[in-house]
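Take a look at the letters that make up each chain.
Number of protein chains: 2
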Amino acid sequence: MQNKVPVDTRKSPYAVLRGVEISDVQISGFLGGYLERAANVTLPSMYEMLEKTGRIDNLRFASGKKKGTFQGFRFNDTDVHKWAEAVSYLFATRKDVRLEKVLDTAIEEIRDAQDDDGYVDSYYPKDKRNERWTELGWSHEMYCAGHLIQAAVAHKRVTGNDSLFKIAKKFANHIDSLFGPNKRPELDGHPEVEMALVELYRETDDLRYLKLADYFVRARGRGYASSSKYPGITPEYFVDHKPFIELEELVGHAVRMLYLCCGAADVYLETGAKDLWQALERLWNDLVQKKMHITGGCGSRSEWEAFGKEYELPNKRAYTETCAAIASFMWNYRMFLATGDGKYVDTMEQVLYNGLLSGISLDGKHYFYDNPLENDGTHRRKEWFECACCPPNIARLITSLPGYMYSVSKDESKIFVNFYERNKANISTRFGNIKMIMETDYPWSEEVNIHFDKCEVTKEISICLRIPGWAEDFSIKLNGETINAKPKNGFIELKKAWGKGDSIDLFFSMPVEMIRSHPFVEENRGRAAVKRGPVVYCAEGVDNNFEVRALRLNHEKPDLHAEYGNITNLGKIVSISGKGFACDMDDWKGKLYVPMRKLKVDKPVEFKLVPYCLWANRDPKPMVVWIRLI
Amino acid sequence: MQNKVPVDTRKSPYAVLRGVEISDVQISGFLGGYLERAANVTLPSMYEMLEKTGRIDNLRFASGKKKGTFQGFRFNDTDVHKWAEAVSYLFATRKDVRLEKVLDTAIEEIRDAQDDDGYVDSYYPKDKRNERWTELGWSHEMYCAGHLIQAAVAHKRVTGNDSLFKIAKKFANHIDSLFGPNKRPELDGHPEVEMALVELYRETDDLRYLKLADYFVRARGRGYASSSKYPGITPEYFVDHKPFIELEELVGHAVRMLYLCCGAADVYLETGAKDLWQALERLWNDLVQKKMHITGGCGSRSEWEAFGKEYELPNKRAYTETCAAIASFMWNYRMFLATGDGKYVDTMEQVLYNGLLSGISLDGKHYFYDNPLENDGTHRRKEWFECACCPPNIARLITSLPGYMYSVSKDESKIFVNFYERNKANISTRFGNIKMIMETDYPWSEEVNIHFDKCEVTKEISICLRIPGWAEDFSIKLNGETINAKPKNGFIELKKAWGKGDSIDLFFSMPVEMIRSHPFVEENRGRAAVKRGPVVYCAEGVDNNFEVRALRLNHEKPDLHAEYGNITNLGKIVSISGKGFACDMDDWKGKLYVPMRKLKVDKPVEFKLVPYCLWANRDPKPMVVWIRLI
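From first to last, the protein sequence lines stand for chains A and B.
For what it's worth, the working numbering labels the leading residue of the first sequence as 3, then goes sequentially.
For what it's worth, the working numbering labels the leading residue of the second sequence as 3, then goes sequentially.
Some hints here could point you the wrong way.
Since the list can't tell identical chains apart, any single copy or any two copies may satisfy a pair.
Unchecked claim - Derived PhoX-like pairs (lysine-lysine); straight-line CA-CA distance at most 25 Å:
(1) K559 to K602
(2) K581 to K623
(3) K593 to K128
(4) K600 to K130
(5) K559 to K605
By construction, these hints were calculated from the structure, which means they are not laboratory data.
Build the full structure now, drawing on both the sequences and the hints.
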């Protein structure tokens, strides 16, 4: 049965939730804008980049349809795969004949580049057969296979067409024939194939793929990925220093580490392996208690794109790759599917509205690779990268967003409202369809109204409303009457035979908060960040006529107020203004250290803050998230 | 004429100062303690390490006196050379028959490892002749030669014995025969030989060495050091991205960069080349205005041991290698010799009393490689390192310290008092000897008394007293009478026919200062460091019964007071105590971000601060230099 979701847990024994189909939800709020731009700008312009930068040509070279040799990084095929996955999700919510045609052509290029045995990776075409699988630490061959599988599953689920799926399955079978217990022991240096294989298992019911995924997750930590071939690179980089179940903390290359967590969570959802779950919980606590920036970004260390030590959360040099934010979002989603615990959606929300969406510009075609929390104004989004993992990754995340808005309990008796975003939903359950219209200007507005349409349901169904962790003050009205209930695992459950005329009014108080970080985060000591609801704010030079990095917040009388209105080039958003202080930078000219008693008194200034995820969409100016308090 | 100095500018046309002989000054204060320990502990134990870790054996393998092959890093010979240089300087102030014997044996090992053509580097023994000079980017062959030359010059100057000098000169001649204009164009990846060659020129008057040094300084920036052989390493790392005279800022590997500055300054002292001087001044301003930690340490970035971008001065991850501090001290000294400007001695003092002496333990045989400004208590000094550049480097700096205490103007009419340290000096000038006894407990005491002994001088001589940049309030009395004068270039000049009974009383007010750093240093925003006189303080867990990283200084009523007294295992020093606040770490358990309004009020605490350079000499506990203000 076709199921337009990125993660299909309908049959997963250890999932308590399943996703809803992307096609069942039309988003049209703040997040909907990103989806709209993905359709109109991001995906068409991205294909142009794939052509322009030789990503498609590489496939043509491999098939022999064009003369030439592979160019760029050896994982460049994945840019095509991720774009194909993004386009597939898009088709769940809209028809696009032009993109359909382009996608079909791209799939043909992949098909033609496939070898008879199923192998397809344009870096290792037929005349390089002998080199395949010889250098798995760096080759990314399974990483590429994983992205191909994910794209193929998405394409089949959304379009019903199995053209790409057949290619991917053949490749997966080839891999399964070579690797696994009592076969070749090498592992890919870059985890990714694990979650893809589980998804392929979900799509095919073929246990081989699940077993292989389980093996790949568990076989790490014995040097199969990080051999002596890579001097100067630690096994931690490849997450190959310890078996997964022994990991005590997140280390090494952030995206590798987090994709592995996704794969392990997927394996858990199918097998219920307690040892995996214990490791996942340990690592998740490490993430949210010690290694996540307030923007939800993680992987703070720019050298080796790595997790830093605990509380190592620099701002200017924060690496916080867009792909790591996406990986964290994906991992948290799987943890949520396994538990139904809203704390994982809280983290997804923190990531999404801040360090994830910061990865793409409002024009829909410029991208951040790294997402620092402070900058002198020189860091700007780019059209493309030599290593272009982030642009198509954020595209596939955006086009699949509708599917994340709601979840359904495994017994189909509960619908979970995960995110608040203007949308129309028609969620089919075993007991009938629930039709809802959600009106809100979230994340700007504190109010959310859900109206129900005619629902032909055969029994009472629960609507579980997420109460975000940051929302200490909230209210819920059901058909005008206040509901007094405390959230359980982050949700409040309203059970009813829903029907036309029913409505839920939610109010989440969004005071402007000054946030402090743990004293061991040295960079933020004596500083505060400003947050309202799920949105982290920053001071950007373009809104302020003083040096924002010298801004001081008045910590005793924080005079901060939120305003909802249009800001040129940013659209209608909530900005925050207030009165603070700033030093005169001229006083510091040529000086690095000055006794406090000699410093002039800071001058009062009026400042404006804008959402961090929207910075660098206007003139290049300095930006700061963590603002000094004295 | 024998001249027991590390840098002999007596004949340098563009020097305004020359050093005094190490043998002419006996130091016995805080610095003297380090020298004493160097004689009794550091140098003997270091030779044991040289034997134990195969440094000496490498030479024996090369000469064939012992069977075996080279072990360790290819620059390991320099550990022997730097130790030999350190021991040589030591002999200027004391006789040590045992060390003399050991040094002579070590010199024999070097001699026996020398090839007929003069080449000596145990990594490339005779049977590896063909590999010599083939990979200069990484081989460190000239770097090794440079350290050999410096050791040889020191040995000859102090002992009059030319056994090592002959070896080094023969090697230098060999290098000169191969490299230079119209010869082989390659350059060593690690600058160091430049300053050694200038010193060899000073010792021999042989212009070839100066010309070669000038060439090596100027030839960089054309890819001769950083060829395509080193993928993944930027030319900046080798300081080979631009010609020296075009450098706008300090970049790349800090020690390489700073040794190159030393070499360029040495070439300037001999040639007066304005283009070199302009570059040196630019780079110096970049150092002190944008890239130097308050401890004087520099090279803030741990990846590639490099300079960070401007204002990139992290604390926990500060790399600030001991060798970089030493290199900065050496460079500033050359800038001082060229100008007589006290600002360079100010920097030397800032480096010496903080981030340089932190490199060695009070037991004299444990060393820091990197000198962070904040730590959780796990960073401890080690007995040795695989890459052991720092231990013998700090040893040679310490044993040469007496020579830095004073300088003499080129016309010999002025004696510059650079540092304040209890000492007896007998400084010979063309106009006779000046005999002084300096009594002080500097850097703890604010008072310095200089008594003159019988000086048989033929004319009035100026004593130029350095007024440290930090000393805003000071007084000078000459024979009891207050002198009202303003410092010129950091010095106050007292001219007199000095003789027995003359005395100078200096008072430098040392208030405890709270220091702030430039607003662009994100880590220190909202934080202050405590400094008294030249000494930077830190809060160390061993003195405080709360988490020092959570300490808050009261910025409005800083209640800080200094106390001079014995502290177990640190000796008689000035500690600083005060009243501040600290949060309860239990309140932060499991939390990374908390709204300010929910934070409990900090509890009042009494705290004690100790000199940064002395931290980690007691039980392993957290340490912090920059303390939060709110």
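Against the structure, the hints come out as follows:
1. Taking the closest pair of Cα atoms, K559 and K602 come within 25 Å of each other both inside a single copy (21 Å) and across two copies (17 Å).
2. In this assembly of identical chains, K581 and K623 lie within 25 Å of each other by CA distance solely inside one copy; the values are 20 Å within and 40 Å between copies.
3. With identical chains, the CA atoms of K593 and K128 are never at most 25 Å apart, being 62 Å at best within one copy and 53 Å at best between copies.
4. Taking the shortest alpha-carbon separations for K600 and K130, neither the intra-copy value of 69 Å nor the inter-copy value of 62 Å comes in at or below 25 Å.
5. Taking the shortest Cα distances, K559 and K605 sit within 25 Å of each other both inside one copy (16 Å) and across copies (21 Å).
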